[in-house]
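Novice: Residues per chain are reported as follows:
Number of protein chains: 2
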Amino acid sequence: MYLICSDLEGVFVPEVWINVADKTGISELRRTTRDEPDYDKLMRSRMTILDKHGLKLHDIQNVIAQILPLPGAIEFIEWVKERTQMIVVSDTFIQFADPLMKKLGRPTLFCHTLVMDETNRIIDYKLRQPDPKRKTVEALQGLKYQVIAMGDSYNDISMLKQADVGILFRPPQNVISDYPQFPVVTDYPELMEILCKYI
Amino acid sequence: MYLICSDLEGVFVPEVWINVADKTGISELRRTTRDEPDYDKLMRSRMTILDKHGLKLHDIQNVIAQILPLPGAIEFIEWVKERTQMIVVSDTFIQFADPLMKKLGRPTLFCHTLVMDETNRIIDYKLRQPDPKRKTVEALQGLKYQVIAMGDSYNDISMLKQADVGILFRPPQNVISDYPQFPVVTDYPELMEILCKYI
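Chains as they are written, first to last, in numbering that gives the first Met the number 0: chain W, 0 to 198; chain V, 0 to 198.
Chain W on its own, in the form it takes in the complex (with noise of 0.2 Å):
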């Protein structure tokens, strides 16, 4: 039986940081995981970047709170989990995620996690494990699932080498030319096409 693993940002709903970044007028903000691959650096960066603003945790829950899935991603999502089941795998952190996941009818998402101080300032973040999302998958395949991975960044390329389908959403060019192995889809009713193969 086959199960999906999907990524969250690029996928179900815009890039959080992109949308941060807008919002606030600082641009550095908008280099994602498509720019810079090396998750960590990106991550040391972006709290660099928000301390020197003075930014804090409810400064980017409140610009998060304004952003919508993409259209067509709630119906999507109602769509698969009629037919079979569904993990979100992300390695955005659940302070920012809960306002997406309440929009997208919450299913179920592995990510990770924040840590502030007692000013609310974020001083530092827990990834679950290394590796997270090709772990999801591998987790999932030695409970004898088939897992179809989807996703659009370079931090998704592991996750969907793993998986016995790999299929990348709308991911940038960079990401294409790197990666020629795996389908390119760039809307829904395309990805359904081909998930209805499987499931």
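To be clear, the hints were calculated from the coordinates, so they are not data collected in a lab.
Each hint should be verified, as a subset may be incorrect.
Pairs involving identical chains hold if they fit within one copy or between any two copies, as the list cannot separate such chains.
Derived DSSO-like pairs (lysine-lysine); straight-line CA-CA distance at most 30 Å [to be verified]:
(1) Lys55 to Lys101
(2) Lys160 to Lys22
(3) Lys80 to Lys143
(4) Lys196 to Lys55
(5) Lys22 to Lys143
(6) Lys160 to Lys143
(7) Lys125 to Lys101
Since we're looking at a predicted model, the values are computed, not measured.
Add chain V to chain W, keeping to what the hints say.
Specialist: Showing chain V alone in chain W's frame:
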């Protein structure tokens, strides 16, 4: 971070086979894992009984379509999903579970599959793997989650033992007597009180 693995029947919905027994008047079908700890023995005997009475998959599905979640279950699941992630781990079959999962807001479900012949007669079942409930907890612990497991029957015990926290929900007296090490909870408010220590 704690997440929850929960049994389905007896925790969120009534026992499916007991309902089938009541609706069909075949009292032999009332036996569940509460009575017969050997699941394969139980399932083989169920298939023999169904055959003897000429009952097919759609007959059982018609009964299942009329089953309602236990009072409070839908609200309890919503409450859990606002606080952490939950995976329902059941020894039921995807062909039986779907209408129940829809009523519960489709939490993620790990379960088994039935095999039918061309006349819709149930001829076999496919367990995803041996001891699937315990292995699900182990896999999640491998993803660096701490797991709270809840169930009511013998087939939940290895899951409760493997979990970081194990809770018996409305178990029969024989399960309580055999496994006195687990706390026994009889309603959702009491369960929420325990869960609040962790999530």
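Novice: How would you classify Lys160 and Lys22 at a CA-CA limit of 30 Å: within, between, both, or neither?
Specialist: neither (35 Å within a copy, 48 Å between copies)
Novice: How would you classify Lys55 and Lys101 at a CA-CA limit of 30 Å: within, between, both, or neither?
Specialist: within (22 Å within a copy, 39 Å between copies)
Novice: When no copy is named, should Lys196 and Lys55 be tagged within, between, both, or neither for a Cα gap of at most 30 Å?
Specialist: between (45 Å within a copy, 27 Å between copies)
Novice: Using 30 Å as the alpha carbon limit, work out where Lys125 and Lys101 are close: within a copy, between copies, both or neither.
Specialist: within (22 Å within a copy, 34 Å between copies)
Novice: Is the C-alpha distance from Lys160 to Lys143 at most 30 Å within one copy, between copies, in both cases, or in neither?
Specialist: both (17 Å within a copy, 22 Å between copies)
Novice: Regarding Lys22 and Lys143, is the shortest C-alpha distance of 30 Å or less found within a copy, between copies, in both, or in neither?
Specialist: Answer is neither; intra-copy 44 Å and inter-copy 34 Å both fail.
Novice: Should Lys80 paired with Lys143 be assigned to within, between, both, or neither, using CA atoms and 30 Å as the limit?
Specialist: The answer is both: 19 Å in one copy and 25 Å across copies each meet 30 Å.
Hints 2 and 5 from the list above are not met by this structure, while the remaining hints are.
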